[in-house]
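**Student:** Put the two chains together into one complex, using the hints given.
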Amino acid sequence: MAGPKKESLTIRYIMAFLLLFIMVFPYLYMVLNSFADWNQVDRKLIPDSFSLRSYEWLLSGGQAAEPRPWIRAFFNSLIVSTGSTALMMVTGIVVAYALAKLQFRGRNFLNNAVLFQMFFPAIILLVPTFLIIQRFGLYDSYWAMILPKALSLWAVFMYTNFFRAIPDTFIEAAKLDGASDWQIIFRIMLPMSKSITIVVFLFLFMERWTELLWDMLVVKSDNMLTLNVLLSQMFGPYGGYPGPMYAASVILTVPIIILFLFFAKKFKEGMQFTLK
Amino acid sequence: MRTRHNNRLGWLFASPYLLYGLIFFLIPLGWSFYLSITDWNLIAPVFHHVGFENFMKALKSPGVHAAFIVTFKFMIVFVPMVIASSLVVALAVHGLPRFKGLFLIGFFLPYLASGVVSSFIVKGFLSYNSPVNKFLRGTFSLDVNWLGTPFSALLVVSVIMAWKFTGYYALILTSGFESINKEIYEAADIDGVNGWQRFWKITLPLLYPALFTTLILSIGVTFGIFTEVYQLTGGGPNFATNTWQMEIYKQAFQNLSAGYASSVALIASVVTFISIFIIRKFLEMWGKRNGWT
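For the record, the sequence lines run as chains W and B.
Remember, this note's numbering sits 128 above the position in the first sequence when you count from 1.
Remember, this note's numbering sits 76 above the position in the second sequence when you count from 1.
Okay, chain B solo, but in the shape it has when bound (with noise of 0.2 Å):
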């Protein structure tokens, strides 16, 4: 009778947990599935099973060609860009005696901003005019079509990301730092260890774990960007910018082929899957192999 009572009340404490659990996620789950298979625009009453045919128009798509390469290539250059910048940040302010507080609070608030935001004020900051802009061109006479040049895209989106993250994962790694045992420092300085090896001997092993949360947090985030890239390039030049959100969206809600994009989408979560998977796996084996975790 005790046991039964307990079950009722358990499951109408996670009732919340269970109606949306199956109105947003199983529901969609299938509903793309099954949509991923239909030639359906998203507007007519009508449309048809084509099979396997949307997947094989995606695979053979430059559209998710792009996103599959460009997740990659903004995890080469965002993520290293965004680990350095914390671990600077880190090292700038782990161990401070005073302003503890203001320094946890300044690096932060980037993390606040919304993703528009920090798009407009960089492409005002990368306008023809600007000062930047200005000054390259009359000091080096270099004339830099930021947002219209494949590359410098890319580039220009990773460093707003990093903007973003750098004080959060900062905040992780220095956490990370202060459990570090000070008498560990103390006993390598009488064994006479210099600053470099005490770097890779010391710290990077003990502070592996916060460096893996970081990375993985990092990692996880390539693979949703969206609103800068949307605002900025719209997946340009040429695709080089092109995520997959932004592909899916531009298939779903602007070309309105909502068969197609589930399909698309379908394709994207299975990449992202196993790519997260695959990366952190690897992490672990190279944490493990010197001995880190």
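Chain W on its own, in the form it takes in the complex (with noise of 0.2 Å):
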């Protein structure tokens, strides 16, 4: 525990690198059954003969079911995921501005009714949200998805945090330049905050992207579902087909994958802040 050995270090690494492996398992477990011949999917811990039917089976709509939009639920995802992310992300940098920045009666009060309602038990409000969207005549819509997600309690709290690091002099220096609040936010507070941004849109996106119990109460319409909506549904018609359903896995887990990886280094930085 205290600075390594040298002898001890290789061993280290090993046991580090075995943890990886069987962590990182089950995702090469999906990718090679996705690949795999279909006598030997779930029926071989490494699968040795490949191809790509159930890929193709999946796109082609299959020959036992009726073709299911996966194309079009991967742009619903895609829709629905950017649409919220973008307006957790812009609602949570406003809204903590004025909880960190500016000096207004009932701030006190605001920043507490964050806190309040961030650790309030979410599970109350299920059915009345529902309702609302439904009332809205939202229901089976984009919006139903999107707008009950376009403010993040936690993005607000992150970036309230994090803004109240930045010296008040540097928005007084711009102030006397003449720089209006949204230049502030958008030339100063945004730039000074990239890490920490990559980490709440990381997060964010991917919460949002994984998302089941919501996205599958507020719609119906086949066209409407997200991907992973899409997939909890084949869950059981296409239990005999378990080779495309690992395709439809691969293609719902890939993307969010290599944007994370596309953001890693800056996630590191951004996660080291967060965790202090």
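FYI, nobody ran anything at the bench for these hints, they're computed from the structure.
The C-beta atom is built at its ideal place from N, Cα and C for all residues, glycine as well.
There may be inaccurate statements among the hints.
Calculated lysine-lysine pairs in the DSSO-like style (CA-CA distance at most 30 Å, straight line) [claimed, not checked]:
hint	chain 1	residue 1	chain 2	residue 2
1	W	K394	B	K176
2	B	K149	W	K396
3	W	K394	B	K258
4	W	K394	W	K322
5	W	K322	B	K149
6	W	K172	B	K199
7	B	K176	B	K364
8	W	K393	B	K364
Facing chain B, a subset of chain W residues (Cβ under 8 Å, in silico) [to be verified]:
hint	residue
9	A144
10	L173
11	L259
12	I312
13	I316
14	L318
15	P319
16	M334
17	S377
**Tutor:** Below you can see the structure in the form of structure tokens.
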């Protein structure tokens, strides 16, 4: 636990890589099975004969089941996740700027309200939020999936904490130069919070991308389903076709992993701040 | 004049929160209370006020009893599991001079998985003809019905969740390790402190803040389990994995008892709030008594 000694370092590396392998194994299993011959899916730990049949079957709609809009579902997920995440970022930044940097009566109250709401058990809101969406006539639309997730209390909280650490002198100097509050947000606050922005963005996006319960409740039509919900609905019916299900799993998982790897370096920096 | 302008500006910038808080917090909250004393079925235009009937029914229902117990069962199984695995990962990785980035990113990957996907993988992995089950049958003549047996179903869901959160919590614990001053260990070495004592007397106390965070986070997770249970067991077998979310979902959207489901949700929130409050206080006391905080 102290400074690692040299002879034990090799053993520790072996340990660490072994653990890493175990943790990544389910993903490997998924990818290999999606390319495996159908008679090997879930029959072998490491399949040894491969084909593209699962992907072809999935994207052409399959022989047994009715054609399923997998590609459409992928774009639905993209639209909903992007729209929702973009809104959560903007509202988070703007509200946090007010809570951290603007002087106004009621600010403390709002700060406490955010904290209170953040720790409030949200389960109680499920049914009435569904009813609100219905009353607004938004049932079965993109807005039904986006609007209730247009603001993240966690994002507000993170940005508020981060903005507080930025010295007021920057803002005062900018004000003297005649900058508006919007300019201060976009020219000073945001450039100074790049790494945390990446962390917040990634967490929000992946949470939105993998949401099940809400997206499943407010959407009915086949062509409105997100990929995650479609996959969930195919769980039973496609049970006899595990190969294509693995292919669909890969299509759902790979984009989010690519996104994550793309921002990995900044994410690393941002996490270091977040965890302190 | 100046303050009034600032007030207006402040509320203007905070207005997205006000709007959101009103539409997606205050109104649903009030509505939920109102619904909980009705017998509304989510569709019919007519409904009646039934007073506390829903609550009486809920307190006697096996589904609600199960949800109450199952949450604590998950806490007993999942929380130690995920804390142990993330401690192991953090211990294995921290202080290694090379591949830091690779480990951080690699161990974090499971956190990106959709619950639907991980459930599907596990279901396949544990299906009747899977290599695991063939091995168990062939070598130990063990025929395990993983998802059909109450305890193993709970265990499987816990493992999926632990897999997902281990990397994230390990990250928190690693930063805890890194905040520990190396000189303390050197001093302990000179004093001839053995490994076991070193862990209990030095590492654990200094790690306590990070450990506290992961404990609270993982306990919070147990109150919100839904996807994995919905995909794999539907709350069964015989309510063995019937979490609060599962019960509320079933009542509201399968049985269409919106009124009754709201009263269950209200009970769930109160139980969640009180449980987390008590556990938190208990953990703080535990830390204080040992002089860790």
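**Student:** Hint by hint, note whether the structure agrees.
**Tutor:** The hints, checked one at a time:
Under the criterion of a C-alpha separation no larger than 30 Å, the hint pairing K394 of chain W with K176 of chain B is consistent with the structure, at around 14 Å. Restraint check: the Cα-Cα separation between K149 of chain B and K396 of chain W comes to about 34 Å, which exceeds 30 Å; the hinted pair is violated. Our distance criterion of 30 Å between C-alpha atoms is met by K394 of chain W and K258 of chain B, whose separation comes to about 27 Å. Between K394 of chain W and K322 of chain W the alpha-carbon distance is near 8 Å, which keeps this suggested pair within the 30 Å criterion.
With a C-alpha separation of about 41 Å, the suggested pair K322 of chain W and K149 of chain B falls outside the 30 Å cut-off, and the hint is violated. For the hint pairing K172 of chain W with K199 of chain B, the CA-to-CA distance comes to about 14 Å; that is within 30 Å, so the pair holds. The straight-line distance between the Cα atoms of K176 of chain B and K364 of chain B is roughly 33 Å, outside the 30 Å bound, and the hint therefore fails. Taking the CA atoms of K393 of chain W and K364 of chain B, the gap is near 38 Å; set against the 30 Å cutoff, the hint is violated.
With 8 Å as the threshold, the beta carbon of A144 of chain W comes within range of chain B, its nearest partner Cβ sitting at about 5 Å, so the hint holds. Evaluation of the L173 of chain W hint against chain B yields a held restraint, the C-beta minimum of about 5 Å falling below 8 Å. A cut of 8 Å between beta carbons decides the hint on L259 of chain W: the least distance to chain B is about 7 Å, and the hint holds. Proximity of I312 of chain W to chain B is violated relative to the hint, the smallest CB-CB distance being about 11 Å (cut-off 8 Å).
With 8 Å as the threshold, the beta carbon of I316 of chain W stays out of range of chain B, its nearest partner Cβ sitting at about 15 Å, so the hint is violated. About 15 Å separates the beta-carbon of L318 of chain W from the nearest beta-carbon of chain B, more than 8 Å, and the hint is not met. Against a cut-off of 8 Å between C-beta atoms, the interface hint on P319 of chain W is violated, since the closest Cβ of chain B lies about 19 Å away. The interface hint given for M334 of chain W holds, since its Cβ lies 5 Å from the closest Cβ of chain B, which is under the 8 Å cut-off.
Satisfaction of the interface hint for S377 of chain W is found here, the shortest Cβ-Cβ separation to chain B being roughly 4 Å, below the 8 Å cut-off.
Violation of the numbered hints given earlier is confined to hints 2, 5, 7, 8, 12, 13, 14 and 15; the remaining hints are satisfied by the structure.
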